[in-house]
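Fit chain B to the supplied structure of chain A, relying on the hints for placement.
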Amino acid sequence: MSTTFLPCGVYHENYKQDHAWWQTKFIKSKMFLLFITLFFIIPWMSDSYSLSICNQIGYTILGALGVQLLIGFCGQVTLGHAAFLAVGAYVSTLLVLEFPWPAVFIELGLAYPISIFIAAITAGLWSVLFGLPSARVKGFYLILTTMAAQFITVDFIITQYVSQIGGRGQAFSLPLGTIKVGPWAWGVIDSDIKIYYMMIVLTIICVVGVVNLLRSRVGRAWVAIRDNDISAEVMGIDIIKYKLLAFFVAGFIGGIAGAVWISNLAAISPEHFPWFWSLWLVGVILIGGVGSIHGTIFGSIFMVVVMELLQMAVMPLADTYPKLLMDFLFIKEAAFGLAICAFLIFEPNGLAYRWWQAKNYFNLWPFSY
Amino acid sequence: MNQKKVLSGFYVLLLSVMLVAGGVSSASAAAGTINVGALNDMTGATSDVGKDYALGIAEAIHYVNDTGGINGKMIKLHQFDYGYRVPEALTKYKLFQRLGCVAVLGWGTGDTEALSPTVTKDKMPYISASYSGHLTDPKKTPYNLFFATDYSTNARASITAWFDKKWPKHKDFGKRKPRFACSYMFASPYASAPIKAIKDQATILGFDIGADQDVSLFAIDTKSQMLAMKEFKADLIWHGNTTMSVSATIRDAYSLGVGADHIVNLWGLDENLPKLAAKAAEGTMGAAVCAFFGEKVPGMDKVVEYAKKYNPGIPADKRLIRTVQAWGDVLILREAMIRADKAGKLDGESILKLGFETMNNFDIGLGAPPVTFTATDHRVAGIVPVYEVKDGKFVLVEKVDLKGRWPEKWATDWIGW
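Chains A and B supply the protein sequences, listed in that same order. The opening residue of the first sequence carries number 1 in the working numbering; numbering runs sequentially from there. The opening residue of the second sequence carries number 1 in the working numbering; numbering runs sequentially from there.
Think of the hints as simulated: they come from the structure by calculation, not from any bench. Just so we're clear, the structure is a prediction, and the values are computed from it rather than from any experiment. Mixed in with the good hints, there may be bad ones.
[Unchecked claim] Calculated pairs, DSBU-like style, for lysine-lysine (alpha carbon to alpha carbon, straight line, at most 30 Å):
# : chain 1 : residue 1 : chain 2 : residue 2
1 : A       : Lys194    : B       : Lys140
2 : A       : Lys194    : B       : Lys121
3 : B       : Lys275    : A       : Lys194
So here's chain A without its partners, still in its complex pose (with noise of 0.2 Å):
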């Protein structure tokens, strides 16, 4: 059943019908549009600095997938997220820059995708690792596990020992040219356009494969427990595996963010994963809606856009009140802060329940009571 517009009232009879992608042809037509904007408007109007802005976006919208998949839907509350991003972006550039890959992989442009899916792999197991307390503990101890992860992965592990691979001292750098992907001379990633469709391609297959884990058994297990952990327990979901398998696929996600983020960075060090990363991502889905695909893309949207346009808000103006250079900036780190406890309080569900308002007035229109 492929209609324009969906009738009034809900016919479906089953599940698939019901949790179908693009019922009508009118969604069709927006993800085409969607599809054009993305992959041709963007890039053809955008110079180096708006497509390093969109490159940031994509990199927040990976980040916070994963936190999104563990607060949003299973119910688990991370506060040590930067840290798997951080195995995703040390296990690739370690596998580019130290792992003898023979000949073959480095012309065919093998090398770097390989090893998007092996830091992938490694962060959500590590990921996992740091998941086995949820099996005990939940709530504020279960953050304080996962900021366990943080301290240990990044400022332990990774700062004392993996940074000391290779004998550079703290930082890895990674020149242009070293990552390549494809046989093609064109997959040498070296320009923020390459950068920006590398990073839409995966997040694209990030948000849908999460969606589509959200729509099937595994999802609506998710759920369970996070709504009553207990009441899903009793209902006979294992809660300890699918707990684990969400801390697995979040860590999976964050995993990528890393291994992609190096794309965009000339060197690596410790230092671009801070602790404060993991808090900015569980405030951009607080922002964009928790429990919500699209809040989280329109948290990593609001957040970075916003960040920059109040950036460039106080410059102009420190023209002319030299004073405001020193004591307006403070405003920025205020107003994350500031953002986080207004949505939390005048609305809590974030900019996603706005956009569902909002596309529910424009569906309605003219005819909304």
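Just chain B now, with coordinates in the frame of chain A:
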């Protein structure tokens, strides 16, 4: 109107102002001006030293414009705080390109090293406050420049000065090797940049080298690390962090009776160190790349004058050597741009080749050594002045001539790390 509507209205208004202001600031400066970007840390991990540097950059650019600019063309400075977050630094660099900046005054080692291949590809002179030795080899990083001697050179000079001046007075001199260890944040590219060179110099001078201690840039308690130093019976400790962290470490070493002397990397050595560490800072040594704020040296009168003029709310005794360092970087950029402009081209490549790399013993004043850049070596000088804290003041101990003392190593071995 209910509270929610008022707040929503305010929110929309705020967003609109930001959009307009953001749009205005994205617009390029007027013709006849030269755009220069500045990336500073005023709110992040290194803001204890970054704020003063940022003020110094703005004041120095005012001075350049007031004294004729670049052959009559005024500089438009685009100055951004990136909070020491590398992803933001990458984005800001792209913004500088959009704004048509011909050069960038950068900040930390993390972002400078991350951007290094990009600035090389873009031929964008990047004058940073990171004086990492990794950035001094033009074969690898031709567009990374700074007016100061690099961290590795400074550390080599400080260790040598201690070895020459203090170790012979030690009761165990001639009986055993001096014991040496490093205290710094392992995760910080800034703090860890000269470690390899430090260990090399300590080996050359015959030190017994102990385990490094990891001390955060935010540290306020470092007792466990200093106890490890005490156990090792260190004679000399090199500190690689910024002032706040270093003063906390030196205080803890003093209270625990570690008994070692201290040498400090550049960004931990300023006027705040004796204030924060008081008696514990006495005898601390380190290389200063220029005079301290307010010292009687050529050019300092202007630094003080512009600090008073543009930031009258900050008393002179609160200003630091960081301001002077910022002036140093701005003044070499001005000279390079003037030379390139006179040669007829004010683009990145000309600023490097016809500007920086034509400077031979160019004196910027400010108590800094004369600056020389060549096409094969971007280390500005081989003689490093080393200071010591005495009665709360910095006094010159020795000018260590590394180039003269180890000419072969200086010429070939020590470049670029």
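message: Could you work out which of the previously given hints the structure breaks and list their numbers from low to high?
response: 3
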